[in-house]
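The task is simple: from the sequences and hints, build the whole structure.
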Amino acid sequence: MATWQIVLIVIAVILLAAVIALYILGKKAQKKKEEQDAQIAAAAQTVSMLIIDKKHMKLSEAGLPAAVLAQTPKLMRRSKMPIVKAKVGPRIMTFICDSAIFDSIPTKKEVKAVVSGLYITSVKGLRGGNEPAPEKKGKFWSRFKLAKKARQGK
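In terms of my numbering, the sequence shown opens at residue -12 and continues consecutively.
Be a bit skeptical, because a hint or two may be false.
Result set (SDA-like, lysine to any residue): computed pairs, CA atoms no more than 20 Å apart in a straight line [stated by the list, open to error]: (1) Lys95 <-> Val75; (2) Lys61 <-> Val75; (3) Lys99 <-> Asp85; (4) Lys99 <-> Ile38; (5) Lys111 <-> Lys136; (6) Lys74 <-> Asp24.
Label-pair ranges, simulated between beta-carbon atoms [to be verified]: (7) Lys96 <-> Ile1: 52 to 58 Å; (8) Lys135 <-> Asp24: 49 to 55 Å; (9) Ala5 <-> Leu62: 22 to 28 Å; (10) Ala57 <-> Thr(-10): 49 to 55 Å; (11) Leu3 <-> Gly104: 40 to 46 Å; (12) Lys19 <-> Ala87: 18 to 24 Å.
In short, the hints are calculated from the structure, not lab data.
Values in this document were obtained by computation on a predicted structure and should not be read as measured data.
Every residue, glycine too, gets a C-beta built ideally from N, C-alpha and C.
Below is the structure:
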(Lines of atoms letter the chains of each structure in order from A and count residues from 1; the text may use other names and numbers.)
(Lines give C-alpha, C1' and ligand atoms only; values in the text may rest on other atoms or scores of the structure.)
Protein backbone atom coordinates (compact mmCIF):
# COMPACT_ATOMS: atom_id res chain seq x y z
CA MET A 1 0.00 0.00 0.00
CA ALA A 2 1.19 3.49 -0.80
CA THR A 3 1.84 6.00 1.98
CA TRP A 4 -0.84 8.42 0.71
CA GLN A 5 -3.46 5.64 0.98
CA ILE A 6 -2.45 4.94 4.58
CA VAL A 7 -2.68 8.66 5.38
CA LEU A 8 -6.18 8.87 3.86
CA ILE A 9 -7.34 5.81 5.85
CA VAL A 10 -6.01 7.32 9.10
CA ILE A 11 -7.73 10.64 8.38
CA ALA A 12 -11.01 8.84 7.60
CA VAL A 13 -10.82 6.87 10.87
CA ILE A 14 -10.13 10.07 12.85
CA LEU A 15 -13.08 11.85 11.19
CA LEU A 16 -15.37 8.89 11.89
CA ALA A 17 -14.32 8.88 15.56
CA ALA A 18 -14.96 12.67 15.79
CA VAL A 19 -18.46 12.31 14.29
CA ILE A 20 -19.35 9.50 16.71
CA ALA A 21 -18.04 11.54 19.69
CA LEU A 22 -20.04 14.62 18.63
CA TYR A 23 -23.19 12.50 18.23
CA ILE A 24 -22.83 11.07 21.75
CA LEU A 25 -22.11 14.50 23.27
CA GLY A 26 -25.10 15.99 21.42
CA LYS A 27 -27.44 13.33 22.82
CA LYS A 28 -26.20 14.02 26.37
CA ALA A 29 -26.61 17.78 25.93
CA GLN A 30 -30.13 17.30 24.57
CA LYS A 31 -31.16 15.18 27.58
CA LYS A 32 -29.68 17.76 29.95
CA LYS A 33 -31.58 20.59 28.20
CA GLU A 34 -34.87 18.65 28.39
CA GLU A 35 -34.36 18.16 32.15
CA GLN A 36 -33.64 21.86 32.63
CA ASP A 37 -36.72 22.83 30.60
CA ALA A 38 -38.85 20.53 32.77
CA GLN A 39 -37.47 22.17 35.93
CA ILE A 40 -38.15 25.66 34.54
CA ALA A 41 -41.71 24.68 33.62
CA ALA A 42 -42.30 23.21 37.09
CA ALA A 43 -41.17 26.42 38.83
CA ALA A 44 -43.05 28.77 36.49
CA GLN A 45 -45.66 31.16 37.86
CA THR A 46 -47.63 34.03 36.38
CA VAL A 47 -46.79 37.43 37.84
CA SER A 48 -48.12 40.90 37.18
CA MET A 49 -45.26 43.37 36.87
CA LEU A 50 -44.62 46.96 35.89
CA ILE A 51 -41.67 47.15 33.49
CA ILE A 52 -39.34 49.94 34.58
CA ASP A 53 -36.34 49.47 32.30
CA LYS A 54 -34.90 47.00 29.83
CA LYS A 55 -31.31 46.92 28.57
CA HIS A 56 -28.62 44.67 27.17
CA MET A 57 -25.89 44.61 29.82
CA LYS A 58 -23.25 42.41 31.40
CA LEU A 59 -24.41 40.17 34.25
CA SER A 60 -21.82 41.69 36.59
CA GLU A 61 -23.28 45.17 35.96
CA ALA A 62 -26.94 44.10 36.14
CA GLY A 63 -27.21 43.98 39.92
CA LEU A 64 -28.11 40.29 40.13
CA PRO A 65 -27.54 38.39 43.41
CA ALA A 66 -24.04 37.05 44.07
CA ALA A 67 -25.30 33.44 44.00
CA VAL A 68 -26.47 33.89 40.40
CA LEU A 69 -23.10 35.32 39.36
CA ALA A 70 -21.26 32.46 41.07
CA GLN A 71 -23.29 29.84 39.16
CA THR A 72 -22.84 31.34 35.68
CA PRO A 73 -19.87 30.35 33.53
CA LYS A 74 -17.09 32.93 33.24
CA LEU A 75 -17.68 33.56 29.53
CA MET A 76 -21.35 34.33 30.17
CA ARG A 77 -20.46 36.90 32.84
CA ARG A 78 -18.63 39.03 30.28
CA SER A 79 -21.23 38.77 27.50
CA LYS A 80 -24.18 41.13 27.33
CA MET A 81 -27.62 39.69 28.04
CA PRO A 82 -31.15 41.12 27.93
CA ILE A 83 -31.94 42.39 31.44
CA VAL A 84 -35.38 43.65 32.55
CA LYS A 85 -35.95 45.70 35.70
CA ALA A 86 -39.53 45.46 36.90
CA LYS A 87 -41.63 46.26 39.94
CA VAL A 88 -43.31 43.13 41.25
CA GLY A 89 -45.57 44.05 44.12
CA PRO A 90 -43.65 46.43 46.38
CA ARG A 91 -40.19 45.18 45.25
CA ILE A 92 -38.06 46.14 42.28
CA MET A 93 -36.47 43.03 40.79
CA THR A 94 -34.01 42.28 38.01
CA PHE A 95 -34.90 39.55 35.51
CA ILE A 96 -33.12 37.81 32.64
CA CYS A 97 -34.98 36.87 29.45
CA ASP A 98 -34.53 35.69 25.84
CA SER A 99 -33.88 38.26 23.17
CA ALA A 100 -37.14 37.30 21.37
CA ILE A 101 -39.16 37.93 24.54
CA PHE A 102 -37.08 41.04 25.28
CA ASP A 103 -38.20 42.66 22.02
CA SER A 104 -41.88 42.03 22.76
CA ILE A 105 -41.80 43.58 26.26
CA PRO A 106 -42.94 47.22 26.28
CA THR A 107 -41.24 49.73 28.56
CA LYS A 108 -43.24 51.62 31.23
CA LYS A 109 -46.22 49.24 30.94
CA GLU A 110 -47.81 46.67 33.19
CA VAL A 111 -47.62 43.11 31.86
CA LYS A 112 -48.47 39.61 32.98
CA ALA A 113 -45.41 37.43 32.56
CA VAL A 114 -44.58 33.80 33.26
CA VAL A 115 -41.53 33.83 35.52
CA SER A 116 -39.34 30.98 36.70
CA GLY A 117 -37.00 32.29 39.37
CA LEU A 118 -35.20 35.28 37.83
CA TYR A 119 -35.97 34.19 34.26
CA ILE A 120 -38.90 35.51 32.20
CA THR A 121 -40.12 32.62 30.05
CA SER A 122 -43.00 34.39 28.29
CA VAL A 123 -45.18 37.48 28.35
CA LYS A 124 -48.87 36.59 28.51
CA GLY A 125 -50.76 39.81 28.48
CA LEU A 126 -50.46 43.54 28.40
CA ARG A 127 -52.59 45.81 30.51
CA GLY A 128 -53.83 48.84 28.63
CA GLY A 129 -53.49 47.14 25.25
CA ASN A 130 -50.89 47.48 22.57
CA GLU A 131 -50.52 50.87 21.01
CA PRO A 132 -49.92 50.55 17.29
CA ALA A 133 -46.62 51.94 16.10
CA PRO A 134 -46.99 55.22 14.24
CA GLU A 135 -46.65 54.91 10.49
CA LYS A 136 -43.37 56.27 9.23
CA LYS A 137 -43.95 57.39 5.69
CA GLY A 138 -42.13 59.96 3.62
CA LYS A 139 -43.48 63.22 2.24
CA PHE A 140 -44.47 61.54 -1.00
CA TRP A 141 -46.73 59.07 0.80
CA SER A 142 -48.61 61.77 2.70
CA ARG A 143 -49.08 63.78 -0.53
CA PHE A 144 -50.36 60.64 -2.23
CA LYS A 145 -52.93 60.07 0.53
CA LEU A 146 -54.08 63.70 0.39
CA ALA A 147 -54.44 63.52 -3.40
CA LYS A 148 -56.40 60.26 -3.12
CA LYS A 149 -58.77 61.78 -0.55
CA ALA A 150 -59.25 64.84 -2.74
CA ARG A 151 -60.14 62.65 -5.74
CA GLN A 152 -62.62 60.61 -3.69
CA GLY A 153 -64.25 63.75 -2.35
CA LYS A 154 -65.14 65.04 -5.89
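Results of checking the hints against the structure:
1. For a cut-off of 20 Å, the pair hint linking Lys95 to Val75 stands: about 13 Å separates their Cα positions.
2. Restraint check for Lys61 and Val75: not satisfied, since their Cα atoms lie roughly 29 Å apart, outside the 20 Å limit.
3. The straight-line distance between the Cα atoms of Lys99 and Asp85 is roughly 16 Å, inside the 20 Å bound, and the hint therefore holds.
4. A hinted pair counts as satisfied when its Cα atoms are at most 20 Å apart, and Lys99 with Ile38 qualifies at roughly 10 Å.
5. Distance restraint check for Lys111 and Lys136: the Cα-Cα separation of roughly 40 Å exceeds the 20 Å cut-off, and the hinted pair is therefore not satisfied.
6. Note on Lys74 and Asp24: the hinted pairing is violated, with a Cα-Cα distance of about 26 Å set against a maximum of 20 Å.
7. The hinted range of 52 to 58 Å is satisfied by Lys96 and Ile1, whose Cβ atoms lie roughly 56 Å apart.
8. Separation of Lys135 from Asp24 is about 52 Å and conforms to the stated range, judged on CB atoms against 49 to 55 Å.
9. The beta-carbon spacing between Ala5 and Leu62, approximately 23 Å, falls within the hinted interval of 22 to 28 Å.
10. Between Ala57 and Thr(-10) the C-beta distance comes to about 54 Å, which sits within the given range of 49 to 55 Å.
11. As the Cβ distance of Leu3 to Gly104 is approximately 42 Å, the hint placing it in 40 to 46 Å holds.
12. The supplied range of 18 to 24 Å is met by Lys19 and Ala87, whose beta-carbon atoms lie about 22 Å from each other.
Checked against the numbered hints above, the structure breaks hints 2, 5 and 6 and satisfies the rest.
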